[in-house]
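What follows is each chain in one-letter form.
There are 2 protein chains.
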Amino acid sequence: MHRPTVRVSELPTPCLLLDPAALERNAARMASRLRRHPGVALRQHVKTAKSPEIARRVQRALAAAGVPDAGVTVSTLAEAEAFAPSFAGPLYAVGLVPAKVPRLAALGGAGTVDDAEVVPRLAEAVPRGLVLRLFVELDVGQGRAGVDPEGPRLPAIAAAIAREPSLALAGVLTHAGHAYDARSSAELCCIAESERAGAVHAASVLRAAGHEVPAVSVGSTPTALAAERLDGVTEVRAGVFVLSDLFQSGLNETPVEDVAASVLASVIGVHGERVLLDAGALALSKDRSLDGQGGGYGEVRALDGSELPGRPRVHALNQEHGFVRWSGTRPEVGDRLRVLPNHACLTAAQHHAYHVVEGERVLEVWPRVVGF
Amino acid sequence: MHRPTVRVSELPTPCLLLDPAALERNAARMASRLRRHPGVALRQHVKTAKSPEIARRVQRALAAAGVPDAGVTVSTLAEAEAFAPSFAGPLYAVGLVPAKVPRLAALGGAGTVDDAEVVPRLAEAVPRGLVLRLFVELDVGQGRAGVDPEGPRLPAIAAAIAREPSLALAGVLTHAGHAYDARSSAELCCIAESERAGAVHAASVLRAAGHEVPAVSVGSTPTALAAERLDGVTEVRAGVFVLSDLFQSGLNETPVEDVAASVLASVIGVHGERVLLDAGALALSKDRSLDGQGGGYGEVRALDGSELPGRPRVHALNQEHGFVRWSGTRPEVGDRLRVLPNHACLTAAQHHAYHVVEGERVLEVWPRVVGF
Numbered sequence: 200m201h202r203p204t205v206r207v208s209e210l211p212t213p214c215l216l217l218d219p220a221a222l223e224r225n226a227a228r229m230a231s232r233l234r235r236h237p238g239v240a241l242r243q244h245v246k247t248a249k250s251p252e253i254a255r256r257v258q259r260a261l262a263a264a265g266v267p268d269a270g271v272t273v274s275t276l277a278e279a280e281a282f283a284p285s286f287a288g289p290l291y292a293v294g295l296v297p298a299k300v301p302r303l304a305a306l307g308g309a310g311t312v313d314d315a316e317v318v319p320r321l322a323e324a325v326p327r328g329l330v331l332r333l334f335v336e337l338d339v340g341q342g343r344a345g346v347d348p349e350g351p352r353l354p355a356i357a358a359a360i361a362r363e364p365s366l367a368l369a370g371v372l373t374h375a376g377h378a379y380d381a382r383s384s385a386e387l388c389c390i391a392e393s394e395r396a397g398a399v400h401a402a403s404v405l406r407a408a409g410h411e412v413p414a415v416s417v418g419s420t421p422t423a424l425a426a427e428r429l430d431g432v433t434e435v436r437a438g439v440f441v442l443s444d445l446f447q448s449g450l451n452e453t454p455v456e457d458v459a460a461s462v463l464a465s466v467i468g469v470h471g472e473r474v475l476l477d478a479g480a481l482a483l484s485k486d487r488s489l490d491g492q493g494g495g496y497g498e499v500r501a502l503d504g505s506e507l508p509g510r511p512r513v514h515a516l517n518q519e520h521g522f523v524r525w526s527g528t529r530p531e532v533g534d535r536l537r538v539l540p541n542h543a544c545l546t547a548a549q550h551h552a553y554h555v556v557e558g559e560r561v562l563e564v565w566p567r568v569v570g571f
Numbered sequence: 200m201h202r203p204t205v206r207v208s209e210l211p212t213p214c215l216l217l218d219p220a221a222l223e224r225n226a227a228r229m230a231s232r233l234r235r236h237p238g239v240a241l242r243q244h245v246k247t248a249k250s251p252e253i254a255r256r257v258q259r260a261l262a263a264a265g266v267p268d269a270g271v272t273v274s275t276l277a278e279a280e281a282f283a284p285s286f287a288g289p290l291y292a293v294g295l296v297p298a299k300v301p302r303l304a305a306l307g308g309a310g311t312v313d314d315a316e317v318v319p320r321l322a323e324a325v326p327r328g329l330v331l332r333l334f335v336e337l338d339v340g341q342g343r344a345g346v347d348p349e350g351p352r353l354p355a356i357a358a359a360i361a362r363e364p365s366l367a368l369a370g371v372l373t374h375a376g377h378a379y380d381a382r383s384s385a386e387l388c389c390i391a392e393s394e395r396a397g398a399v400h401a402a403s404v405l406r407a408a409g410h411e412v413p414a415v416s417v418g419s420t421p422t423a424l425a426a427e428r429l430d431g432v433t434e435v436r437a438g439v440f441v442l443s444d445l446f447q448s449g450l451n452e453t454p455v456e457d458v459a460a461s462v463l464a465s466v467i468g469v470h471g472e473r474v475l476l477d478a479g480a481l482a483l484s485k486d487r488s489l490d491g492q493g494g495g496y497g498e499v500r501a502l503d504g505s506e507l508p509g510r511p512r513v514h515a516l517n518q519e520h521g522f523v524r525w526s527g528t529r530p531e532v533g534d535r536l537r538v539l540p541n542h543a544c545l546t547a548a549q550h551h552a553y554h555v556v557e558g559e560r561v562l563e564v565w566p567r568v569v570g571f
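Line by line, the protein sequences give chains A and B. Just so we're aligned: 334 in the working numbering is position 135 of the first sequence, and the numbers increase by one with no gaps anywhere. Just so we're aligned: 554 in the working numbering is position 355 of the second sequence, and the numbers increase by one with no gaps anywhere.
If you are wondering where the hints come from, they were derived from the structure by calculation, not from laboratory data. A couple of the hints might just be wrong.
The list that follows gives simulated cross-link-like pairs (lysine to any residue, SDA-like), each with its CA atoms no further than 25 angstroms apart [claimed, not checked]: (1) 485/B - 500/A; (2) 485/A - 489/B; (3) 485/B - 489/A.
Please construct the entire structure, taking both the sequences and the accompanying hints into account.
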């Protein structure tokens, strides 16, 4: 960890800032919600923050609240390799292919599968002497990966795993990604319950067929925060809660002030109401998850993070230019601003480190895991 | 330069592939077009490829065609620092702020300015003993940065530069970014001519006021390829031509086979017509420049780059998942495919290196410049 002596006004722009107090509030909120469900662990998804330093803050919040820690979920093997030395897991929660098995098995990681025909090919790819743990992925309505919890493919996959000495059934897993499309907290609760019910049902089907099902894994940030009951579930996976963003703030009714990561940008042009920033598509990403809520590529804030009149957004992007329609007192070229991200996972992925700031001070620089 | 012995079938996915033959064709095409305009140099924009190895191939194509080489254009100081040791320039073509002056001036680089009030602040930021060269940026219709070539702000900026001993007028510069919205080659030619005429007029205004104007710099890939005349212009800036992409291919009527960079992906799920790839928003970017032309996030091709029946596209993205509607013979989990990018600048920026491939062989790995 590099401890710089620079101040925010001296950082090169664009760069990624992190508000550690917001981070702590987000971690505490998730821990406090999960505390309502005794025995249910968090297996934090590190694909958002991609930072061991941040993952450790989440662990501390879990410990403080007495919530069990199930280690980490990852979405790239680069994350798996970066986190494996100091975190339990990793669970690689993207459909596994034979070519990725040796790296994952060598780390003691777990993978997912949703196709019985793939199982023998995964088994064959496990290096001699190792055993790879596999979760059977379920589709509870997202329409991405996974099998129907009620259909015949589920027991066929478990049976195929049981036939392979190099494989072990780790459990069942689902992700109600359609929770991101929920229009009300009632709908969100309903999706959370269908996620829970689907996973618990699948586990009972496999147990009735004689399989041990150690883990029943569900989750997404919105369903983890909204779930009213989690009985039968052993672990929840969630990631974006720790940074939060404009989309999550709207969906989960959490304060915009808890958006922990933002992009520091310089004003590089003032042309009447058109203000140009040096944060463009590369610094912000082209995520458009706010298209249904006023659009744009992020909300522009003052350097200290406070709201600006009219809450301007970056309304258009070129590679290194962000366009803002400015209604208040015009800034000057060289002034610094912050942009709150629409979608923290994608904006943060454009940067290699967090500059952890408190007021004008840069406290620390925390590297991010990069690559795939 | 790292020379690996792996084959394409052994590369971890997702990763970025480069077809060196397509690269050579693209470089030769630009050199051949510019050869029509004797004395006009190329100052290649390295923001697309961000690779010294690729920039050297462009230099060779220029030399072979007898086209002058004006060095490099950059859009980040990270690029400026990476290219400065071995390439003339760099010209940092994003509006300059005082805080960026010391790094740029130390490299012998040039910047741009479009506001007379900013000039003294840039001058003050130049380290003692150095002189920073500045281009005055013109707006010829894009509506981003720059001043009107016919208005009073242009001579005021040149006069402000002339008053500062630490600054020197490098020339005038414009970028007809609105060329990307052209609907016909006739419209493109017309925009190219207005780009040329605006820059040449601005230079004549400044010369009439007694300023030396060494460079008259215009460009974008579409206008550079479309321009019928470039008299009065000294250099053209263009970058994306070297990799090309689906959008450029449509706009500039160049073969899709000349799209030089693609993303190697694995099939991670087959659910009826829904095929999932491990190339999602992080591997492809969320660029939607094909929204007006069938949409999606890239065209899926066979491993060898050949067309697939129905020319499927990635129609939706999650962070590490790409969704494809498949109409032909279904692939298997673990099969490898290529995705041609909508917008090469943004897709390539998601990766740290090119895997230079010829058939099944990985010839070399070329690093990309990362960060800002």
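Structure-based check of each hint:
Among the hinted pairs, residue 485/B with residue 500/A is consistent with the structure: their alpha-carbon atoms are about 24 angstroms apart, no more than 25 angstroms. At most 25 angstroms may separate the alpha-carbon atoms for a hinted pair to count; residue 485/A and residue 489/B meet this at roughly 14 angstroms. Proposed proximity of residue 485/B and residue 489/A is supported: the alpha carbons are some 14 angstroms apart, at most 25 angstroms.
Taken one by one, the earlier hints all hold for this structure without exception.
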